[in-house]
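There are 4 protein chains.
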Amino acid sequence: MQFMSDNAARVHPQVWAAMQAADAPDSPYDNDALSRRLDGLFADLFGRPCTVLWTATGTSANCLALAPMVQPHGGVVCHREAHIEMDEAGAPGFYLHGAKLMLADGAGAKVSPETIRAVIDPIRDDVHQVQPHAISITQASEYGLSYRPAEVAAIGALAKERGLGLHMDGARFANAVAFHGCTPDEACGSGAVQALSFGFVKNGGMGSEAIVFFEPGMSDMVRYRRKRAGHLQSKGRFLAAQIIAMVENDLWLANARAANAAAQELGTACGGRLMYPVEANELFVTMTAAEREALRAQGFSFYDWGADAARLVTAWSTEPAHVTALARAISAL
Amino acid sequence: MQFMSDNAARVHPQVWAAMQAADAPDSPYDNDALSRRLDGLFADLFGRPCTVLWTATGTSANCLALAPMVQPHGGVVCHREAHIEMDEAGAPGFYLHGAKLMLADGAGAKVSPETIRAVIDPIRDDVHQVQPHAISITQASEYGLSYRPAEVAAIGALAKERGLGLHMDGARFANAVAFHGCTPDEACGSGAVQALSFGFVKNGGMGSEAIVFFEPGMSDMVRYRRKRAGHLQSKGRFLAAQIIAMVENDLWLANARAANAAAQELGTACGGRLMYPVEANELFVTMTAAEREALRAQGFSFYDWGADAARLVTAWSTEPAHVTALARAISAL
Amino acid sequence: MQFMSDNAARVHPQVWAAMQAADAPDSPYDNDALSRRLDGLFADLFGRPCTVLWTATGTSANCLALAPMVQPHGGVVCHREAHIEMDEAGAPGFYLHGAKLMLADGAGAKVSPETIRAVIDPIRDDVHQVQPHAISITQASEYGLSYRPAEVAAIGALAKERGLGLHMDGARFANAVAFHGCTPDEACGSGAVQALSFGFVKNGGMGSEAIVFFEPGMSDMVRYRRKRAGHLQSKGRFLAAQIIAMVENDLWLANARAANAAAQELGTACGGRLMYPVEANELFVTMTAAEREALRAQGFSFYDWGADAARLVTAWSTEPAHVTALARAISAL
Amino acid sequence: MQFMSDNAARVHPQVWAAMQAADAPDSPYDNDALSRRLDGLFADLFGRPCTVLWTATGTSANCLALAPMVQPHGGVVCHREAHIEMDEAGAPGFYLHGAKLMLADGAGAKVSPETIRAVIDPIRDDVHQVQPHAISITQASEYGLSYRPAEVAAIGALAKERGLGLHMDGARFANAVAFHGCTPDEACGSGAVQALSFGFVKNGGMGSEAIVFFEPGMSDMVRYRRKRAGHLQSKGRFLAAQIIAMVENDLWLANARAANAAAQELGTACGGRLMYPVEANELFVTMTAAEREALRAQGFSFYDWGADAARLVTAWSTEPAHVTALARAISAL
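Protein chains in written order, with the working numbering: chain A, 1 to 333; chain B, 1 to 333; chain C, 1 to 333; chain D, 1 to 333.
Hint data in this document are derived by calculation from the structure and do not stem from the laboratory. Treat the hints with caution; some may be incorrect.
As the list claims (entries may be wrong) - Quick list of the computed label-pair ranges, beta carbon to beta carbon:
1) G217(B) - R48(C): 56 to 62 angstroms
2) A24(A) - A261(B): 21 to 27 angstroms
3) P216(A) - A307(D): 42 to 48 angstroms
4) R48(C) - E248(D): 29 to 35 angstroms
5) S331(C) - N31(D): 28 to 34 angstroms
6) D250(B) - G271(A): 55 to 61 angstroms
7) A33(B) - P277(D): 55 to 61 angstroms
8) R80(D) - Q298(A): 30 to 36 angstroms
9) Q20(A) - E161(B): 46 to 52 angstroms
10) D121(D) - T288(A): 19 to 25 angstroms
As the list claims (entries may be wrong) - Sample of chain D residues facing chain A (criterion: CB under 8 angstroms; computed from the structure):
11) H73
12) D87
13) G93
14) F94
15) G98
16) S112
17) V130
18) M275
We treat Cβ as the ideally placed atom computed from N, Cα and C, and that holds for glycine.
Whole structure, please, built from the sequences with the hints as guidance.
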């Protein structure tokens, strides 16, 4: 019974079906009929014009999304536990040609206008210090917290005031939208975000994420950067097909709701053990080594989180029976 | 009837089957059981120890393969019509942090020890000029010519003499092996090549190429570079599955033989129109605009190659009836 | 008797005097009174507004001048024997983060609208090929030829038409201006050039070149790039002092005239041996090994230029007696 | 009466004299007689073999020194207030092609084995996290504290144990040696440091720092990197001359002793106001705005250090009368 990672989850049958339907000759790269549908599909979803590029991974999505906002001599403000800082092997430094990540604080891996200002205000306006060019926030955060629409909007207002770009790492964007019951556009602060990495791989996809640019012109240079990074797959129609399958009929939302519901069920069982409120599909739970051992002995797999806690992750495909079993097992600890 | 690109070809049913068989939870990234099989699989295939990394595209495969050979201040000797020079959007400059491509001549986009020496011998051994660090050759070449094992070995001997790395862009490696009827190892000059980009996408795969390192230690740093480039897919088991399906039971070879046979049939029909011998699955054919128009009117699609020629590409899935039809149509021009 | 390089020439006494006059405490970096005079000084010299940054070397001047024009995924069209291609150790690849030099032909290392078009016109307007972002020309060229004002203007018109930046490597800009007897602005095509590397080191300076930006805003980001490249010297007042000494009272022009006159005297003696007209302070002269040996035996030092020629370079400080002696010796060969 | 920066200090007369003596034709770049003396000069000074390259600035010295130790996908552990992190405009990210600075704590901007371990021990040994490749320490630190020889040796032992390079930013190395009365080699932990940026500009030079490599082979690639960064000045003999003048007859030490003595005199006057012990030529002094105002009214110039403190810097050329005057003025506050 697997609660280790939503990356380990299965590919949704509708995604498989869409990929197989795409297996007919078409133009290579992103000149196929499916890839050309993406802009319109997301414009409908967000209710505002946008351009959309597919790429295989969240890391490349984040870095390519930041590229038009950040010069090599600039910086990106993000939380000190952000995925781009902790888990992408220095990819932003590579893609942004040496630009610097500027680390902000905030409970639950969420930044705020206050914690961002604490980073950027002390920077002298001279050529000796790296100047911030953009802000990157994670929706839902690395601790499973989801920014409220108003919180994103407030960060966006600060970004605008300071002339900074705003990027959202939406590896679990679907879970945040599902949690808040808001629209996708609201989850982006109603126009505050200029570039969104919209994740599908953790939510039923195989290997395709969408980079959504709301700022006109940004995607123009990113098309070159994507190819230059070796991410313009020649059979790109299979990436477009995955995304379309996820967006059409709101499969992305249904999957996220399933994962979130499983997380809520577990959260109720965890009670006071919870280190953070459950606002997506991840739980961070205080638990002794003996308790974790006991759960593993019952067949549950998950990651330790430091010495005294566990991380539990649900996915669209987590079996309800497994969830209920784990919830009972935790209650019984 | 499509003769535009092997990139537009279908995914082989055995590849589909292997991918679907992989759709069970396993460890993410490349810690799954399938990814761990690759080293052994290719060691058997080549008859020498090697380490193997998957990546989604030929461009990333080439650049990651070159990374351990080339310092940012060095250069890579390649043909002036090589894919890395002409068609990868400057990816080597990105992945190699500004390293320079040094362009050599040679008929049919094949370099030789002579044309390589013509590039590197005039370089002064001082700090004002970029020094070569590696050689990259394409097997089969951009004009569909396949290096003989002895030709690769001779280039390898030069590389060794000058202390240069040797990389092979094997986007159509299968076609070259099939054409020569040699072993994979012989097609690499029997140990001359240190890093091989072994292509599968054009030959029945979906989105997975193998980087094969024959030099101990090279893959260690490339594992970091692959992640840093956003090419470590979280559901990597699907990439490993594609490669295994292609290599097991020699599907790669069967597919290449089919594509080559189709190319030979067309080549016979083209006769004196052929600009280069047909040694893989690409044909470059002298043809007037009117002739091309006539063929297109009969339902054949292909790329123009300059003003007076056409490029025809066959694939594993090109239907024999289409091949025969095109052969007849060309003969009838 | 030294004719090897103008880099080996002495520092002009007026430059020494200005440096010593600058040896009083002032603000560090470029906040001193001298550095702040540069914009106005060059605006007067060129008759148009500009911003000016000092840097120690021609290589850093060229690369920093190109930085605001060229994105990492773009290219710079230059002559295939341009200094930035042949003699800067790949610095453009470093400073421009992997951007590509695109090599054009042209007699005497001069490009023209025709040879530039021959490079850029075949580039497909798609993401697979690096797109040109700028043109760089050398005034005077690597073979001592000086672009006519109209030639620069014509290249500028092409640049404008294609949306490309135009940079001039003016390591020997002074010699070109002196040769043509034109204004500095005319030597830049009367507004065609957006960024000029104005060289002083070969012309009586010690270690200071001026980067002159005629395009508003370009210098803003280059100030950061200069610091980031470690070229913002803390005692920058000594670099500013050198430039001011060279520009005030037209020392730069007087020095260039002296060097050019010496070159003309030698040119007359060389007669039919000249490989190129003498339009600056460099001569490329057909000469057998035995003849070169004979000259060296008489105490003249210079570089071989391939197997059958010599390169002779004059400088502001070349002694007239040495020039006359070499002219006679060549005539007597 | 200037106590703002040692960067604003004058150039020592012996340095001027040596530069002028170098003003005769010699081979360009670093092929001149003076540049070739440096290796031997520093081998004598340190009592161990080394290779030495000059460069104009501390920023380029630091970054070039780190280049052979740090791959683009690696990291450099340094103090979070280190000059390379705070004041070099992201130069390490540029020179090291995106490598990451990893920020350690420590009182007075000094790191220790403990604070370094606190940074590197939590890094997972997998490809998702940037791995440390080197450590960089500043001697004397950004707060004017000098590492004891045993402290450097202990950091070196940790570096060796973990396979990390060790770099020392010695912008004020002379002040540290003078303070401890140790040998230069002891100040480097008796062989612990592999590459040292030995600063002269703040200590009586004009624009020349020495990069000293104690590790055989490291300088080979840095020669290329220096040229590629535009730091190989064509009249390099003037940079070598400065360094030789500073090292011969121990001018560097005499100058540092003078600056340190001035700092000690001020330190005594500051008494309990001192935020850090005075171990070099910088003082950080608690002082109200009104007190600073009072000092400035008496003609003393210096930088504020936050809202409640001042930074005072002495130099080799600070006039004793000014020092005494400032000491008295502080005592009288």
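These are the hints, each one checked on the structure:
A hinted range of 56 to 62 angstroms for the beta carbons of G217(B) and R48(C) is consistent with their spacing of about 57 angstroms. Here the CB-CB span from A24(A) to A261(B) is close to 23 angstroms, well matched to the stated 21 to 27 angstroms. A beta carbon spacing of about 43 angstroms between P216(A) and A307(D) agrees with the range 42 to 48 angstroms that was offered as a hint. Restraint check, R48(C) to E248(D): a C-beta distance of roughly 48 angstroms breaks the suggested window 29 to 35 angstroms.
Distance hint check for S331(C) and N31(D): the Cβ-Cβ separation is about 32 angstroms, which falls inside the suggested range of 28 to 34 angstroms. For D250(B) paired with G271(A), a C-beta distance near 58 angstroms keeps the hint of 55 to 61 angstroms intact. Judged by the Cβ atoms, the range 55 to 61 angstroms given for A33(B) and P277(D) holds: they are separated by roughly 60 angstroms. A C-beta distance of roughly 44 angstroms is found between R80(D) and Q298(A), which places it outside the suggested range of 30 to 36 angstroms.
Against the hinted window of 46 to 52 angstroms, the Cβ-Cβ separation of Q20(A) and E161(B) comes to about 51 angstroms, which satisfies the hint. Distance hint check: the CB atoms of D121(D) and T288(A) are about 23 angstroms apart, consistent with the given range 19 to 25 angstroms. Interface restraint check for H73(D): the shortest CB-CB distance to chain A comes to about 6 angstroms, inside 8 angstroms, so the restraint holds. A distance limit of 8 angstroms between C-beta atoms decides the matter here; for D87(D) the minimum to chain A is near 5 angstroms, and the interface restraint holds.
Below 8 angstroms, beta-carbon pairs count as interface contacts, and G93(D) has one with chain A at about 3 angstroms; its hint therefore holds. The beta carbon of F94(D) is positioned within 8 angstroms of a beta carbon in chain A (closest approach about 5 angstroms), and the interface hint is therefore held. Below 8 angstroms, beta-carbon pairs count as interface contacts, and G98(D) has one with chain A at about 3 angstroms; its hint therefore holds. Given hint, S112(D) at the interface with chain A, is violated; its Cβ is 22 angstroms from that chain's nearest Cβ, farther than 8 angstroms.
The beta carbon of V130(D) comes within 4 angstroms of a beta carbon in chain A, closer than 8 angstroms, and the hint placing it at the interface holds. The beta carbon of M275(D) is not positioned within 8 angstroms of any beta carbon in chain A (closest approach about 18 angstroms), and the interface hint is therefore violated.
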